[in-house]
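Given the coordinates of chain A, assemble chain B onto it according to the supplied hints.
Chains as they are written, first to last, in our numbering: chain A, 32 to 421; chain B, 32 to 421.
Heads up, a few of these hints could be off.
Repeated chains share a single entry, so a pair holds when one copy, or any two copies, can fit it.
As the list claims (entries may be wrong) - In silico DSS-like cross-links for lysine-lysine, where the CA-CA straight-line distance does not exceed 30 angstroms:
(1) K330 - K92
(2) K185 - K142
(3) K306 - K181
(4) K335 - K53
I should point out that these hints are in silico values taken from the structure, not numbers from a laboratory.
Take a look at the letters that make up each chain.
Protein chains: 2
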Amino acid sequence: MKYAPKEEIDTRIEKLKVLMEKASLDGAFFHYKIDYYYLSGTMQDSLLFVPLDTEPILFVKREISRARRESPLSNIVPYRSIKDIPQHLKPMERIGVQLDVIPYNDVMKFKNLLGNVEFVDCSPLTREIRRKKSPFEIAIMEKAAQISRKVYAKVPEFLREGATEIEVGGNMEAYAKSLGHEGLLRVRSLNYEAYTWHILSGRTGSIVSQSDSPMGGLGLSPAFPVGASFKKIKKNEPILIDFGICYHGYQVDQTRMYAIGSMPDLFARAYWTCKDIHDRVLEKVVEGYTSKELFEYSKELAEKAGYADYYLGFKPHKVRFLGHGIGIELSEFPFIAATHTYPIEDGEVFAIEPKMVWPRKGCCGYENTVHFTNGKCRVITDIDDNIIIV
Amino acid sequence: MKYAPKEEIDTRIEKLKVLMEKASLDGAFFHYKIDYYYLSGTMQDSLLFVPLDTEPILFVKREISRARRESPLSNIVPYRSIKDIPQHLKPMERIGVQLDVIPYNDVMKFKNLLGNVEFVDCSPLTREIRRKKSPFEIAIMEKAAQISRKVYAKVPEFLREGATEIEVGGNMEAYAKSLGHEGLLRVRSLNYEAYTWHILSGRTGSIVSQSDSPMGGLGLSPAFPVGASFKKIKKNEPILIDFGICYHGYQVDQTRMYAIGSMPDLFARAYWTCKDIHDRVLEKVVEGYTSKELFEYSKELAEKAGYADYYLGFKPHKVRFLGHGIGIELSEFPFIAATHTYPIEDGEVFAIEPKMVWPRKGCCGYENTVHFTNGKCRVITDIDDNIIIV
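Isolated chain A (complex conformation) (with noise of 0.2 angstroms):
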């Protein structure tokens, strides 16, 4: 096991500091396990608090020993419930704390422990510092890269005629697991619960789901109805495999299409303009298009070819996405959005995932994870960019 050394911590918390310097806060508690993680290196339950000028504080509850083997923070103690924390701060006055997630019962009760404290959200000052990757994050997506590659190349063994997409999903997701993969794909969300095994295979391909994406898959019931399904893979029909891999809780994400006997041409033809719209897309990361550009470039490349009606899926189910910053969290800063007006820079790891539907029939789609770096966009997933003929 990787711990996160001590001075990836440091330099986590001292960027923290510079943010909640400008925030005007005088502390700021995390308790949404994410960020805690990224600020401590540990995801036994906790509370870290991070006051602007000494040390931060992680409250461990349970299991405190191995909190300490995990995270180089020196000032780590035990507590039970939120009532024995106001005994370790001085007073304050404004502080920070994940508005955006934590349940709003938890937060009036710490509101009634610190009494007349202003409480501000301090989530964007995590999403912030974590857009850019230190090398640290980016060995470890690159060993997430490495298992994709392998779980990647053993798709054509469990690809055949009459095996339902769950079964895939699960052979692949069994296979991944052995080799370090941890199964779920965090995203911060009250709802939206990511799953690894996105295989979907011509007509399920086409159906939209509650998830923001242009093609959510049939799924397995109305309480899982997302990705893989109990359809049967036929021959000659498109199966896109877009599964996400997570190591030491950072995902990589990409995806690949395959077909048993052939690929209809519709689909073949589909899959070049995607991977040539994410090409050309990279290069405009490089000049520096601001975000919201590099979406509307996309479209209007994906106009030129002739698929306005079918990229990133049909009317009234587009989305307006083509990629999504991603590391502890399936989706973090930097969005390339129609929204998002700002450029990519460098130390930031993105998705992006050109997709095309066609109602009914099917989908195709591309995707890497890629690393902006030194001018220049490295990507992390380099797996096979052929169709995969099985």
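Positioned in the frame of chain A, the structure of chain B alone reads:
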């Protein structure tokens, strides 16, 4: 796919309205999907409003045609943002909102939108009516138990000396998914994500983690510090398999013990003591013991059998529950725990899990999902009770 019939949903809504009236609520909003699935039959991206005296309105963002197919509610309307909602509402004074799970920011947006209305936590109402399972729900849980039986029967094929815990877990999961298992085990918790691959062998069975469980396991990394790990399974050590199954959103939970070669006496004896505690506690459920009494009784039994130091974990990591209700969440009412003072009531379904842990040596346990009905405890997860030696 099974959809919830109209009578089922109507009955649930009626029960809810009785509790809403008692709580003096003019209406209640359900935006956390577990409960709007329960009350509507769909998990499409929605927001359910239940007025006290008129029909429920299901507001659907994506995807409305699926929501209309899955839900028998008659009033299903599209919405794009919560701003579209107030126009559908009559003036109200006091409304329910799921304050235990909805993030603070979202509740505040809602407050600003609705103006001078009192917000009350309505989650206790749904959690109350979800305690008792209908015949429709029991039939689904029995189907989950059928999957579980097949998966547990297949375990000997996956167990071999030198296989890692996660390999075994991944293979079980792949097979379970091919039968309809949905992978995620939902829990009403900010930070706790339940996982199915709880495969612990020898020493990893003594490792405690973030989870409120006698044994947490080593897990795969600091980011997934629970459950199966890369530890290789050896001969003659206890292997605990606690592998929940989820079908159409409904879960069943069970634990059995395995070994390659032979089971050490310590664990074999303790296993049968766990089974005995399980059986004798179920007798007391029938006699009407309260939850607290059931818990204390089980402790006495463990103490008399000489297991005081190991029952439900070792100090200071002992847990304070023996069982938990189960349904569309992994831990529901009723709980069998020291702090709960109600008896188990007719129609309730719970998992009961006497377990023992020895520091540095390992663990053992026995668990079933049980339906208390017509004055009897019926084990739903009726899989082989024997220790399985491969």
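Among all the numbered hints in the text so far, which are the ones the structure does not match?
-> As far as the earlier hints go, 2 and 4 are violated by this structure, in ascending order.
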